[in-house]
Amino acid sequence: MKPEKEHILKIVDQIISRRGGAAEAAIPILQDIQVAFNYLPQEALEHVCKITGITPSVITGISTFYSQFRHQPAGEHIIRVCTGTACHVKGSGLVFDAFKRELGLEDQQETDENGQFTMEKVACLGCCTLAPVVKIDQTTYGHVQPEKVGEIIKDFLSRKDKGELPFTGNGHDSDIQGEIRIGLGSCCVASGSLEVKSEIERTLADTRINVNVKQVGCVGICNQVPILEIVKPGEEPAFYARIKPEEVKEVLLKHFKPVGFLNRLRNSFFNKFETVLDDGAPRSFRRYLSEQRDTPLSGFLGPQMAIATENRGIVKPCDIEEYKTSGGFLALEKCLKSLSPQEVIEEIKRSGLRGRGGAGFPTGIKWQLVHDQSSESKYIICNGDEGDPGAFMDRMLLESYPFRVIEGMLIAGYATRASHGIFYIRAEYPLAVERIREAMSLCKEKGIIGDSVLGSEFTFDLKIFEGAGAFVCGEETALIASIEGERGIPGMRPPYPAVNGLWGKPTLVNNTETFSLISWIIRNGADAFNSTGTEGSKGTKVFALAGKVNRGGLIEVPMGITLRKIVEEIGGGIAGNRKFKAVQIGGPSGGCIPASLYDLPIDYETLTSVGAMMGSGGLIVLDETDCMVDIAHYFLSFTQDQSCGKCTFCRIGTRRMLELLEKIRSGKGKPEDLDLLESLAKSTQVGSLCGLGKTAPNPVLSTLKYFRHEYEAHINGICPSGRCTPLLLYRVTDDCIGCTKCAQRCPADAIAYVPYEVHQIDTEKCIKCDICRQICPVDAIKVN
Amino acid sequence: MIKLKIDHKEIEVPEGTTILVAASMLGIEIPTLCHMQGVSVHPSCMVCTVKDIVSGKLFPSCAMPVLPNMDIITDSEDLISIRKEALELLLSDHAGDCEAPCRLSCPAFMDIPRMNRLIAEGNFEKALEVVRQEIALPLILGYVCPAPCEKACRRKPIDGTVSICLLKRSTATNPDIRSRKLDIPIQKSGKRIGIIGTGPAGLSAAFYLLRMGHECVLFDQQEEAGGALRYSIKEDILPREVLDAEIEVLRMMGASFVLNSKQTLRELGKANGSRFDALVLATGSQEQHTVDELIKSADGTTRTLNRKTYETRIEGVFACGSILRDQRMAVRAGAQGKAAALNVDRFLRGMPATQEDSLFNSSIGELKEEEYVEYLKESKVNNPVNPGKGFTAGYSPEEAMEEARRCMHCDCRKPVTCKLRNLSHLYKADKKRFAGPDRKHLLKSMQHELIIYEQEKCIKCGICIEIASKASEALGLSFIGRGFDVKVSVPFNKTTLEALKTSAIECANACPTGALATKLSEENDILTVI
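Top line first, the protein sequences correspond to chains C and P. Residues in the first sequence are numbered from 5 upward in steps of one, following this note's numbering. Residues in the second sequence are numbered from 274 upward in steps of one, following this note's numbering.
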């Protein structure tokens, strides 16, 4: 139902009076309009142009550039199917198709007939270990199979009215028995930590057990979430992984005594009752002690090193006092009191720190460039526009360590003599925005941000700018254009932002992870940092480890670590006893590294030399069932979709490359197509202006380099990994017992209903949705 | 000031100068497509890419400022291939015809749509000029031409082809118009050319040589001039008074005819060598043995005629028409006559013969069903007009105008100035190399009274957007969408008429392709070969 025009105008007037009508307000205005109406009514846009200086040309350009903005009303609920890398390799494409079928959506249609559901693809929901993941409004469903989508929609509709219980700890009593830590990072929440949290609260209320309950940021062990840590004075902390709400009570009662006789009795009865049912061994959670060696968890954490993620799983994200007691703001204080800006820069230079955004430009040199500009006003921008499918380290850092990032920005501001800071955060990260906002207001209260930082003469203000959905805005010139209220089109460099950036002023743009390493370096000294790593790459790097490993999650490892160590020790090897094939590193800008380079130490240079890239740090492990042509196609389809459309090679070249891959993937390729693909990929590398276009061909070129035989096999009509659906053939073996399940569920009517007989698949009709294979009780469906 | 080298030449320019500007100071021209002086939106096309051999990096010269010690190369192999590839990618996303299908299928490459538009306006004299750019004998051909153009006409599947052949005839039926504007230069060259044979090839060669200021003597062994036109075509198809009337035009232009000439070609060629500065052999197929004799090669076996330049083995002797290969169509023989005439002229001016290189041409092939609507916007919707007095009499001027209005303007409005076309020609771009699986659906936006917008020809440079914005258009133009699907259009689904109140013509003139063009534009009369 469309809103009344008068209502629209009134709301727009309110928004403008709040936001103002300057050019840079355009994106926030559009965001507000969309919040109000769930889309952008044309009347609203025209009204904005009427009462502000924003022109129709500008507002049209912006509102159609950023993918966040909708020009048609959306359905009541939004179904977001994650198409991040980890989800992709686990079949999110089939899930997406299944939802479309279930809702009866045509090709380009996004909203169903009743206006109940709108479907969207999202680059990454950051729950890679639950892949494939689907989020309906605020409810996340993990490990989704195409055949389950009907149930999921039903489940969602049946529980949509249930509100969530507010989470309050029970720890203000004097006799505190210990502390319960629960991860509330996005991935934890997605896997049900809110339900666990509610259950803890309920249990504590029931039993009157008195413990501190603490929400901590991301622990990084995303494959084990929701994770619960119980800390008791004088005892080793205990971790409970993959905990379910129904298991909470039992766990708590193992560690803490209920208060009051009756309660104790009731709980012991319950405990017995459950024990009888469960043989005393709850099946789905495992208990690990943190000091224990050779357990999955210690293996996971062992080779890691926490700098950016220092105190992970211990500190509460927005507790400023706790941040301070664990060394927070000491570095800032040190800079303000005893180091000159130039000395700070020297320290950063000496640390060997390089930008963690992907290209690896030396951070100290960048700071020096900005420092040396004589301009009165300068800007510091924290680039949190992470949009890489399958990487979510920026989000985790912003959500879990907001003060650390702020401190890094403050130090950068002091060193470069800049007094304005801006957080550029992806709109898809509401929790990160919320945490940063809360942390900022706490810092203001404590005099850490403002006219006199920690009582010194240094002034620094901070603002948040929410991105509107454009991967290319990770490129610094595009990011600046976006803050200025324009389409996120990268500009020509030089001039570099360090000289001529935001509003024409010297601007330092650093990645979130870079900023989060700063305070550690200043506190512990450059030498402590540069003693880790390799010749050219110092310190640590955060990666999002996902794909076909036993244990995925966010990891922070020293530079120079080998792929083998990451996959085998941290990741616990390849899942399901399959063979390691390759690692896709660096996301859409990166490349695929084959098994032959398993012992490659990872740093900026080695990765570039093998045709990959540090990128923002996605690390997807692939096994023998992954098709490299499909992987190349997957990444290229992402960059192709995210191209801003300026340069010919990126705008049209990536599309033509994608079409060639499509052709090859469906068995229609010709040998000469490989040469054409390679030539176009190379031209696109050199003929594009910004990093997105320059690196977009990497996944294609690296797979062509190491896995050319797979491309050739496709040209001969075979997908060796059995992935590329156009080349697949489903058939029923003689094991079929004629149960008719497949015939009943086939969405394409490709299986005739013949009870007690061996069924057959009409290959002409088959859409290769894989449902029959998944539901067959006797594994009688085979794929060739 | 910044010192650098461009193509090994040193130059010093002020800081902030682009490489493009610095190069032009050295007289080095770098091709550009999306760039326009005073407009800031470039670079996007990447056609002006150059290379710095110090860093090995490539960048668009129109936007890249000079840096100290750069060593720029502007025309290496790899740059040429990058430019070519950029053009090929743009072409793969470009739906439009440079030339109309009728013109492409005309052996004489006559500018049919332009002729039609002039006829539709009632300007028969100008229409005839357009026809005579390529066709010397429009009246005659108006009777005998099998009109391959009409088979290619896009209107054919809708409600019947435009009667191009009759329209062409209509430009030359009026004797006053026919004999006016013969374009004979007052200053003669003083050169004398003998033309042997007075069929369509010989007459056509004479027509163009006369226009170039040369004297022409035409020989024929028959009693009357006309060759195959007179002796092979029946009178009820080509009335003799029509034939005579158009031969009369040549006489008016100063051609002299030596008929009943029994002189053999050998005699003419050798004995009269001193009397003529050049000879054109257009004797038709029946004289082939004589020709063999005349132009026998040194080893006495091979007949060597250059079919592309119309030169024979003997210097100053050219050949065209059925003498080369049997010609079924007078229009093709005539076209060869013109081409031979051009090389005779070059020979007389001491220049080597050339073959007319056909210009790069983008073509979309057959129209899709939905596109007929778009194309019909350009024409009057009415049924084919039949000449009231029969085919032999042809159209009255009013009938011709009515019929000409059925033409759908399939040709591009910027066939000469389109930078995409000219650069594609220059770099020999292959338009099919990256052709996508589906051709885009062509749209013609006609609401504006002054300009037309065909968005599928747009290269997304954004020049028009910036011009409209600088002109303070209330609505203006905008980029819509992003990536591959980005397009330039009018905000809020409004029309170009509402968008461009004052800057329409400026936008159209600035557009580097035929995407935005003025409705009435007719580019240069003669297509210049680049």
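The reader is advised that the hints may include incorrect statements.
[Said to hold, decoys possible] Far from chain P by the CB rule (all over 10 Å, computed), these chain C residues:
1. 38
2. 536
3. 646
4. 647
5. 656
[Claimed, not checked] With beta-carbon atoms standing in for the labels, derived distance ranges:
6. P:354 / C:672: 25 to 31 Å
7. P:701 / C:783: 43 to 49 Å
8. C:26 / P:344: 54 to 60 Å
[Claimed, not checked] In silico lysine-lysine, DSS-like type, Cα no more than 25 Å apart, as pairs:
9. P:399 / C:698
10. P:774 / P:399
11. C:54 / P:774
12. P:705 / C:674
No lab work stands behind these hints, which were simulated from the structure alone. All C-beta atoms, glycine included, are put in the ideal place defined by N, C-alpha and C.
Here is how each hint holds up against the structure:
no. : hint                      : result
1   : 38                        : holds (17 Å)
2   : 536                       : holds (32 Å)
3   : 646                       : violated (7 Å)
4   : 647                       : violated (4 Å)
5   : 656                       : violated (4 Å)
6   : P:354 / C:672: 25 to 31 Å : holds (27 Å)
7   : P:701 / C:783: 43 to 49 Å : violated (58 Å)
8   : C:26 / P:344: 54 to 60 Å  : violated (44 Å)
9   : P:399 / C:698             : violated (53 Å)
10  : P:774 / P:399             : violated (32 Å)
11  : C:54 / P:774              : holds (18 Å)
12  : P:705 / C:674             : holds (16 Å)
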